[in-house]
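Chain by chain, the residues:
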Amino acid sequence: MDAIEVVDVWKKFRIYHDRVYSLKERFIFPYRQKAEDFWALKGVSLSVPRGATVGLIGRNGSGKSTLLKIISRILYPNRGRVRVHGRVSTLLELGAGFHPDFTGRENIYLNASILGLTRREINGRLEKIIDFAELGDFIDNPVRNYSSGMYMRLGFAVAVHVDPDILLIDEVLAVGDLPFQEKCLKKIREFKERGTTIVFVTHAPKQVAELCDHALWLDRGEVRLQGPAAEVARAYADFVGGAG
Amino acid sequence: MWQQIAEIYLYREMLRNLVARELRARYKGSVLGFLWTFFNPLFMLVVYSAVFSHVMRVQVENYAMFLFVALLPWNYLAQSVQQAAASLVQNAGLVKKIYFPRAVLPLSVVLANLFNYLFGLGILIPALLAFKIRLTPALLAFPAVLFVQTLLVAALALLVAVGNVYFRDLEHIVGIALMAWFFLTPVLYPLEAIPAEVRGYFLLNPMTPIVDAYRALFFYGAWPDWGQLWRTGLGGLAALLLALAGFTRWQRAVAEEI
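The listed protein sequences correspond, in order, to chains Y and C.
For the first sequence, position 175 matches number 175 in this note's numbering, and the numbering has no gaps at all.
Just add 1000 to wherever you are in the second sequence, counting from 1, and you've got this note's numbering.
Hints listed in this document are in silico derivations from the structure and should not be mistaken for laboratory results.
Straight-line C-alpha distance at most 16 Å; calculated EDC-like pairs for lysine to aspartate or glutamate:
| hint | chain 1 | residue 1 | chain 2 | residue 2 |
| --- | --- | --- | --- | --- |
| 1 | Y | Lys42 | Y | Asp219 |
| 2 | C | Lys1097 | Y | Glu171 |
| 3 | Y | Lys128 | Y | Glu190 |
| 4 | Y | Lys24 | C | Asp1169 |
| 5 | Y | Lys206 | Y | Asp238 |
| 6 | C | Lys1096 | Y | Glu93 |
| 7 | C | Lys1097 | C | Glu1256 |
| 8 | Y | Lys186 | Y | Glu210 |
| 9 | Y | Lys12 | C | Glu1256 |
| 10 | Y | Lys186 | Y | Asp163 |
| 11 | Y | Lys12 | C | Glu1257 |
| 12 | Y | Lys206 | Y | Glu182 |
| 13 | Y | Lys12 | Y | Glu222 |
| 14 | C | Lys1096 | Y | Asp170 |
| 15 | C | Lys1096 | C | Glu1257 |
| 16 | Y | Lys183 | Y | Asp131 |
| 17 | C | Lys1097 | Y | Glu93 |
| 18 | Y | Lys128 | Y | Glu106 |
| 19 | Y | Lys187 | Y | Asp163 |
| 20 | C | Lys1096 | C | Glu1256 |
| 21 | C | Lys1097 | Y | Asp170 |
| 22 | Y | Lys24 | C | Glu1171 |
| 23 | Y | Lys187 | Y | Glu210 |
| 24 | Y | Lys187 | Y | Glu134 |
| 25 | Y | Lys12 | Y | Glu36 |
| 26 | Y | Lys206 | Y | Glu171 |
| 27 | Y | Lys192 | Y | Glu210 |
So the derived label-pair ranges between C-beta atoms look like this:
| hint | chain 1 | residue 1 | chain 2 | residue 2 | range |
| --- | --- | --- | --- | --- | --- |
| 28 | Y | Trp39 | C | Ala1006 | 30 to 40 Å |
| 29 | Y | Asp131 | C | Ile1176 | 44 to 54 Å |
| 30 | C | Pro1137 | Y | Glu25 | 53 to 63 Å |
All C-beta atoms in this analysis are idealised placements derived from N, C-alpha and C, irrespective of residue type, glycine included.
So here's chain C without its partners, still in its complex pose (with noise of 0.2 Å):
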């Protein structure tokens, strides 16, 4: 597995390279081109805070930013696992003809989805001033929290790139488990409005102190609990180092079984 991590660094321009080409081929050839990456989440916000001030009002006091500022990082779980189930299948013609550390392509899908997820903050950060939500030095522990998650969206999607190749359906029961979590975690709703005799449970699921991390940075402007964070951080370390053993042992039919 060491060997497995030493042969991903070696292969670094091609995680580079494939993540250029998955964000720029993305919006290629359209008219905004590149602008869409900034749009998408602009669009969003909008149509948020219209539903939810004018049509749908929720006791929460600026809901909209209260939601986009979990919305954002929910994404990037989604859209990486969601694309990364399917990276080793679609790409079945490198696969099958060239050799390089297989898990570049899923870890590529990750990487592509953080950038887009750091632009995201390019409209997040201004729609907070606007709202007059106050932003505070406890926007300092963003890479802290984002590094956090980044383990775990990783170990999530080596593990799912890999199974999709043996069982093809994975990638669809991957679109409803990723929407029945999304219910599960606190993105709508405040982590108190659990039942308190529940809430414990709640706290198992891994995304839960992330999305309360991020809200707290951004939206409260408090400092993240470092100890939940702390813990978080190692099961998601643990989990990756997990995902990569299993990938290394399981990548070794993927060529034949695409």
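In isolation and in its complexed conformation, chain Y is listed as follows (with noise of 0.2 Å):
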């Protein structure tokens, strides 16, 4: 069974020249409130069958992080159809909600939570997820006094302890210093042996080569090519070095 089925997703953005954003407006000016639409995807189909790998490849504005945010259910399709088999984890943001007063292990209940985890679950988990951050003794520091870099290791630590069943991840990987990095890449690698599905957003066809099984290219809101990684990646590179 596929974990993840997109068939023909069409979304679309109403992108405003002169926003009217309160009602006192819109009263008095009924007609004044100019819109295009914006076509971000146009008819993108995607399955990823369960435990796989799958790249999303493409330059800004293709449309692959809006995939990606339909997929989480954090934007809705205008038109077609998304299902999700099994918990979804997103990293597209780390640190989410983190209050920079409170400590770092308050901060963990609070960032865990919000990604959906029951107090049990976090308790089982916060001694691994306090090792993986190696933070040290800053953990009962509020998280105020963290550099960025320990920050961003905190909610990667939170975020990867989630456990889900499909992980979405949009370039995030660039976060920490260069031993984290590989870290987070290990990381990764241990979720897809361990039979997670994962869906990754990047315009880097390295890292599609390396760490998919399909990828998907995507072009001003559609599919170009998709197939497996390796091939996609390398005419995303041809296409890529031919335009530049």
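Build the complex from these two chains, which are given one at a time in their own frames, with help from the hints.
Below is the structure:
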């Protein structure tokens, strides 16, 4: 069975020239609001088998992040259908909801609960998260005293311990110092071996070739090429190289 | 919608943590810390009892307490609705980046204010005793009244939260509307002060029977009007279900409108 099914998904954004946000203005100038429709996704289909790692590749504005957000239910499609089987964790932003005045430990509870964990699940993972973040005694300091690297590390540590069936990653790998990056990549490989389904957004063909089984190349909201990762990565690299 | 309710339950730990964050962060770093939760109503009480017993004399006996027992629950409503209006927009960063049932945000505001109200009882009860107002078994009706009020508060909180995403000035409109509503509800005055011909209209206001019930059980030591309360509760439940259905529908586009 497929872990993720995306069938003919269309997504429209309204681009406002003169956004009317207030009730008052909408009442006074009912026709002033001008908007253009922008189709970020035009009939995209994708099915991800359970346990597969899929790369979404494309240039800025190609719709890959939009697709990822639709799969994670942050955005809803205008047309088409999305089915997801299993617990999803999205790595769009690390450390969501961290409160600067709370300690690292308190923020683990806050952040993990926003990602949908119950208290018992968090208690069971607390030690592992703290170890993974490598913060030492800083774990009991308020997060406001953290460096940005430490902040990211704590955020990533929580996110990867959600233990999802499906992991959605949006270019967050460029965080922390080099050893930590490697640790992240190692963790992602670990997930892969464990059978986690992974969808991965990037514009680096090298990462796609290294990490993914399949790849989907999006161009202006349409699927340009879909197939084995190495093949798509090569075609995309040629295209970008040729264009640049 | 039922799915939405089940999902909110799944995210109960998030709800609990947001409430704790709300309650603790408010006074974190201040010298008196959590004690402020009690000082706020206490100062309010001191000011009112000084003004109404020395400056502005009112015909009602023990007017400061008469007012205080109604003002605390009113603040629960007003602050919940006002803060809920901003709750989704304020947390835009979370809403745009992470999926969770959006209703958790306004509901956490309601629960935090509910706890604040309950802490306020820590001042109210001793104050009632100090003013020699007799406490009776009617106090047992308190949870029922509180429950009915919470249905209503949650319904309003959900609606203004999602409405404010589309119309940003709703937050200010809510402030004005709450003030008008305050004067239309018998908080400052007894229900009997309203001319009998128009009293029927005042009873259409769902906060009227609620405030009246609180006043009965705290101030007069009498049981609330159960028939009234029962009708208000059913109305509140219907309002909450409607609000949840509306919220479920309108929250879909929230991440892109914020």
